[in-house]
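Asks: Given next are the chains, with one letter for each unit.
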Amino acid sequence: MKYEVVIGCEVHVQLQTRSKAFCRCPNTFGGEPNSRVCPVCMGLPGSLPVTNSAMIEAAILAGLALDCDIAGVTKFDRKHYVYPDLPKGYQISQFDMPICTGGHIDIPASDGSLRRVRIIRVHMEEDAGKNIHPDDGRSVSYLDYNRCGTPLLEIVSEPDLRAPQEASAYVQAIREILRAVGVSDCNMEEGSLRCDANINLWVYEDGKKYATPIAEIKNMNSFRSIRNALEYEVKRQVREWEQSRLLLEVAGKTTRGYLEAKGITVLQRAKEEASDYRYFPEPDLKPISISREMIDALKARVGALPAERRRRYIGEYGITEQDALNLTSSAAMADFFEAAAAGHPEPKRISNFILAEVKKYLNQRSIGVDELAVDARAFRRLIDLVDAGKISGKIAKEVFVDMADTGKDALAIIEEKGLIQIDNSDAIAQAVDEVIVENPDSAADYKNGKEKAIGFLMGQVMKKTKGKANPAMAIQLLRAKLK
Amino acid sequence: MSFPVFWISMMNDRRLNGLTLSEMRRALQAGEVSSVELVEAFRNAWEEDSSNEKPVNGYVEFFADAAQQARKADEARAAGGHGKLLGLPIAVKDNIQIAGRLTTCASNILQGYRAPYSATVIERLEAAGAVFLGRANMDEFAMGSSCEYSCYGAVRNPHDRDRTAGGSSGGSAALVAAKQAPFALGSDTGGSVRLPASFCGVYGLKPSYGTLSRYGLVAFGSSLDQIGFLARSVEDLQLVLSVAAAGVDPRDQTSEKTGFENAGPLRARSLSGLTIGIPGQLVSEAVDPQVLQVFDEFRRWLESAGAKTRVISIPVLDACVAMYYIIAPAEASSNLSRFDGVKYGRRAAGAENLDAMYEKTREEGFGPEVKRRILIGNYVLSSGYYDAYYKKAQGVRALLQQRMDAVFEEVDLLASPTSPTPPFRLGEKVDDPLAMYLTDICTTPANLTKSPALSLPGGRTSDGLPVGVQLTGRRFCEMTLLETAYSWEREHAG
Ligand SMILES: [Zn+2]
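As given, the protein sequences belong to chains Y and B, one line each in that order. According to this note's numbering, the first sequence is numbered sequentially starting from 876. According to this note's numbering, the second sequence is numbered sequentially starting from 176.
Worth flagging that the hints you see were computed from the coordinates, not collected in a lab. Beta carbons: idealized from backbone N, C-alpha and C, even for Gly. Don't take every hint at face value.
What the hints assert, rightly or not - Derived BS3-like pairs: lysine-lysine, alpha-carbon spacing no greater than 30 Å straight-line:
{"hint": "1", "chain 1": "B", "residue 1": "Lys518", "chain 2": "Y", "residue 2": "Lys1161"}
{"hint": "2", "chain 1": "Y", "residue 1": "Lys1338", "chain 2": "Y", "residue 2": "Lys1325"}
{"hint": "3", "chain 1": "B", "residue 1": "Lys518", "chain 2": "Y", "residue 2": "Lys1093"}
{"hint": "4", "chain 1": "Y", "residue 1": "Lys1322", "chain 2": "Y", "residue 2": "Lys1292"}
{"hint": "5", "chain 1": "B", "residue 1": "Lys567", "chain 2": "Y", "residue 2": "Lys1161"}
{"hint": "6", "chain 1": "B", "residue 1": "Lys535", "chain 2": "Y", "residue 2": "Lys954"}
{"hint": "7", "chain 1": "Y", "residue 1": "Lys1358", "chain 2": "Y", "residue 2": "Lys1339"}
{"hint": "8", "chain 1": "Y", "residue 1": "Lys954", "chain 2": "B", "residue 2": "Lys546"}
{"hint": "9", "chain 1": "B", "residue 1": "Lys432", "chain 2": "Y", "residue 2": "Lys1161"}
{"hint": "10", "chain 1": "Y", "residue 1": "Lys1338", "chain 2": "Y", "residue 2": "Lys1322"}
{"hint": "11", "chain 1": "Y", "residue 1": "Lys950", "chain 2": "B", "residue 2": "Lys518"}
{"hint": "12", "chain 1": "Y", "residue 1": "Lys950", "chain 2": "B", "residue 2": "Lys432"}
{"hint": "13", "chain 1": "Y", "residue 1": "Lys1322", "chain 2": "Y", "residue 2": "Lys1272"}
Claimed, not checked - From the derived model, a few chain Y residues whose C-beta atoms are all more than 10 Å from chain B:
{"hint": "14", "residue": "Asp1159"}
{"hint": "15", "residue": "Asp1316"}
{"hint": "16", "residue": "Ala1347"}
{"hint": "17", "residue": "Leu1352"}
Claimed, not checked - Quick list of the computed label-pair ranges, beta carbon to beta carbon:
{"hint": "18", "chain 1": "Y", "residue 1": "Ser1014", "chain 2": "B", "residue 2": "Gly287", "range": "46 to 52 Å"}
{"hint": "19", "chain 1": "B", "residue 1": "Pro425", "chain 2": "Y", "residue 2": "Gln1197", "range": "48 to 54 Å"}
{"hint": "20", "chain 1": "B", "residue 1": "Gly328", "chain 2": "Y", "residue 2": "Arg1013", "range": "46 to 52 Å"}
{"hint": "21", "chain 1": "B", "residue 1": "Gly434", "chain 2": "Y", "residue 2": "Arg1013", "range": "57 to 63 Å"}
{"hint": "22", "chain 1": "B", "residue 1": "Gly287", "chain 2": "Y", "residue 2": "His887", "range": "47 to 53 Å"}
{"hint": "23", "chain 1": "Y", "residue 1": "Val948", "chain 2": "B", "residue 2": "Gly455", "range": "35 to 41 Å"}
Working from the sequences, and respecting the hints, build out all of it.
Replies: Below you can see the structure in the form of structure tokens.
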């Protein structure tokens, strides 16, 4: 049986604005239940929403980063449904005039090529509260409205994804991009990034193409669970097709929840009743005009978007795709790299140093590059010392850790510790002579054509000079003396 | 004008009750009367009426601390305070929130609900020193034209206690007419201030949409709602408007800057140079002949005062009641979905699960007219019907706006009856919603076009029932309305 997996994603992202979407309550995570609420986000009688302009800006930034078109005029609508955690009985959302439409992002496809995922729309809405069901058997529920009114972006993709790991890569790419432009921390554990996926199969049989029923998968709380849930779902749908040959036109769409502990999806809602949200334009808010100037100003603030940066790193700097991805994991990291590499003839070497040593240091201490005691210019001075032959690459690694620990400049550290490379050919020549005398066998091996022996002898020279010998000079002298 | 001290000192309660807000203001400033005396006079009038076999039933609560508020105002005045409304008593419709006090919208579903914050208009009045007398009766959630749909029982018209006071701000209008309050706040979504003003023979002003903040007014039709005033004089309307409309409210994005707070004292104006349009439909044979007679007298007065009048045709006006009864219920069904028994107000007991709780709470909590409008609203917004009803109604509304903009290029004001009939009998239309809805034919256009409109007590029928006349102006041209009405009042009042 030949089939193709078809996946589209709806990603919800909480925006990191100072206050909530339509009131002045602080937009932070958690807190004592119902401590961050006011008449507006509680939907009390007589209260009115007032649009937080920071939400509009964040949505435009996100839209620009996702290559979307930004609407000249956008508006809010009311979306009605009944649930205890939705205090007004409707959610302020956007229906037919979303703020952003028609973007795309590129991700590595499962076959190694590049997959372009088209984004249908990005719209703004407010989050709901939370139901709390105590697990002590009492038939009572509690409501926490702290999350009510948190600004959300909903990002809807076309069904362009062709494998579970692509869905996971897509959501990771969204996270990277939105983090890079600083509109959300996209933390799946805290729920600031949530993903639902629509998945079905295109089965090819007898020269015909059949679409199997779509399942909307919910409760995927990590990148791993996105992959696992969808992989399970593919297997389940293949089995279902083989057993029932049920078609999309007949069965429509169902909703399934992922049970992480069991690694399976279970039916939550059969054949989706055409839910009627009775959308209509929010009469309490005026339509919003977005000027060209505002978009241009935000474009400048977005700076280099991650995708553009990656293209440049790969094309101009000769950096691998994987390294480019890592360098653009945050805007701060990419900024650090670009500032350090400015004007350097071999940016790839700087990238290697950052991705190995700097990342290691940051990971060990769980800090971000913006919290590092070494700024990009101080870091560049360290690289310049290596380039000038003052220290070896190996010493530079130690010096970097010292710099990061103490905040001191590279030159100060190497002078203090006497790490300056020995450029003096006499001193190196002396060490070379001694090593040849002390290791006559290896010297003889080299002379007899065993090229490998020179590596051992080099090691001895470096050991003797405590790593300070200029390696290029040392090897040159060794070869000359052993001729 | 001010009263000689000896005359004031001889005033009994009944005389105090008959003063306008502005007259009280001057008497307070002159030290001829205290705010406490005023409040006591109104309390006495209310208590006296409550023992009547057919009470007006305008108050759903007379605030126990009204006299205390008045004492504070008197003390503030003694200490040199001079708020614009210092010590002036005002009744407040039961859908405008005053922090800490009950606000029920005359509905069972909000029984026991205490407002956690004050409406912006209330804050402004309070800051100017106003004293709040009590909560005024109304149609449940302001839905109705007769004040019969109240969980506190119907309001009776003070001029004929077997007739309605009009709705939905019937309590507010009846209190002013019955001299149980000198001034009252109402709200107007499709005529709810002007219709009862007309039925009760008082002045009613619905400001332009955006003139007053809606923050704290329990929403009915959000694109139509406006707080309005019921008063015994035009001067009083202007006085309170200048306090309540003090600038944009950052809590209401639909509020606008008007500059009304800086308006000087009202002047009687010559009407020469004014062109006044009379929409033909609103003076047709469908209107009660006695109402037409009062309106004709008003029209003759307009001309005698120098205005030019002419009958104009605005065909789209015929669609106003229809579009109003699509748009207002649609917005209402949405606004009222928050009343679900989960967070506040009344929750039905004995429901076995969440859905049953919702159902029982709303079944028990809402009255028949509110249920009817929620059903209409949900219907016109539902997919499959949205385009045919809600969207079409919004399209016609836009057309009406264009047409009215064009009309106001040619005329300065529109004049018409406020209601096609004099006050009708209690129970007469309560089971005939369509007949009830047609009562709003003259008043809904102003809400749909965001225009200011004013109802003045134009005259009486042969039975002595009040008949109102309505003036409608361009958006934010409240001053033209007030000055025209003031000119009329100077010649007719008293
Ligand atoms: Zn809030």
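Asks: Please go over all the hints and tell whether each is borne out by the structure.
Replies: Outcome of the hint check:
A threshold of 30 Å between alpha carbons decides the hint, and for Lys518/B with Lys1161/Y the separation of about 28 Å falls inside it, so the pair holds. With a C-alpha separation of about 21 Å, the suggested pair Lys1338/Y and Lys1325/Y falls inside the 30 Å cut-off, and the hint holds. Between Lys518/B and Lys1093/Y the alpha-carbon distance is near 28 Å, which keeps this suggested pair within the 30 Å criterion. With a C-alpha separation of about 37 Å, the suggested pair Lys1322/Y and Lys1292/Y falls outside the 30 Å cut-off, and the hint is violated.
Taken as a hint, the Lys567/B and Lys1161/Y pair is honoured in the structure, with Cα atoms around 20 Å apart against an allowance of 30 Å. A threshold of 30 Å between alpha carbons decides the hint, and for Lys535/B with Lys954/Y the separation of about 23 Å falls inside it, so the pair holds. For the given pair, Lys1358/Y sits about 22 Å from Lys1339/Y by alpha-carbon distance, which is consistent with the 30 Å threshold. About 20 Å separates the Cα atoms of Lys954/Y and Lys546/B, which keeps this hinted pair within 30 Å; it holds.
Of the pairs offered as hints, the one joining Lys432/B and Lys1161/Y holds, with about 15 Å between alpha carbons and a cut-off of 30 Å not exceeded. With a C-alpha separation of about 22 Å, the suggested pairing of Lys1338/Y with Lys1322/Y holds against the 30 Å cut-off. Simply put, Lys950/Y and Lys518/B have alpha-carbon atoms about 29 Å apart, close enough for the 30 Å limit, and the pair holds. Restraint check for Lys950/Y and Lys432/B: the C-alpha separation of about 22 Å stays at or below 30 Å, so the hint holds.
Simply put, Lys1322/Y and Lys1272/Y have alpha-carbon atoms about 34 Å apart, too far for the 30 Å limit, and the pair is violated. A cut-off of 10 Å between C-beta atoms contradicts the statement that Asp1159/Y is not in contact with chain B; the least separation is 5 Å. Chain B leaves Asp1316/Y outside its interface by the beta-carbon criterion, the shortest separation being 87 Å against a cut-off of 10 Å. The beta carbon of Ala1347/Y is kept farther than 10 Å from every beta carbon of chain B, the shortest such distance being approximately 69 Å.
Every CB of chain B is more than 10 Å from the CB of Leu1352/Y (nearest about 78 Å), matching its label as outside the interface. Checked against the hint of 46 to 52 Å, the C-beta distance between Ser1014/Y and Gly287/B comes to roughly 24 Å, which is inconsistent with it. Between Pro425/B and Gln1197/Y the beta carbons are some 50 Å apart, a value that agrees with the proposed interval 48 to 54 Å. Evaluation of the 46 to 52 Å hint for Gly328/B and Arg1013/Y yields a failure: the beta carbon distance comes to about 41 Å.
A C-beta distance of roughly 58 Å is found between Gly434/B and Arg1013/Y, which places it inside the suggested range of 57 to 63 Å. Here the CB-CB span from Gly287/B to His887/Y is close to 37 Å, at odds with the stated 47 to 53 Å. A hinted range of 35 to 41 Å for the beta carbons of Val948/Y and Gly455/B is consistent with their spacing of about 38 Å.
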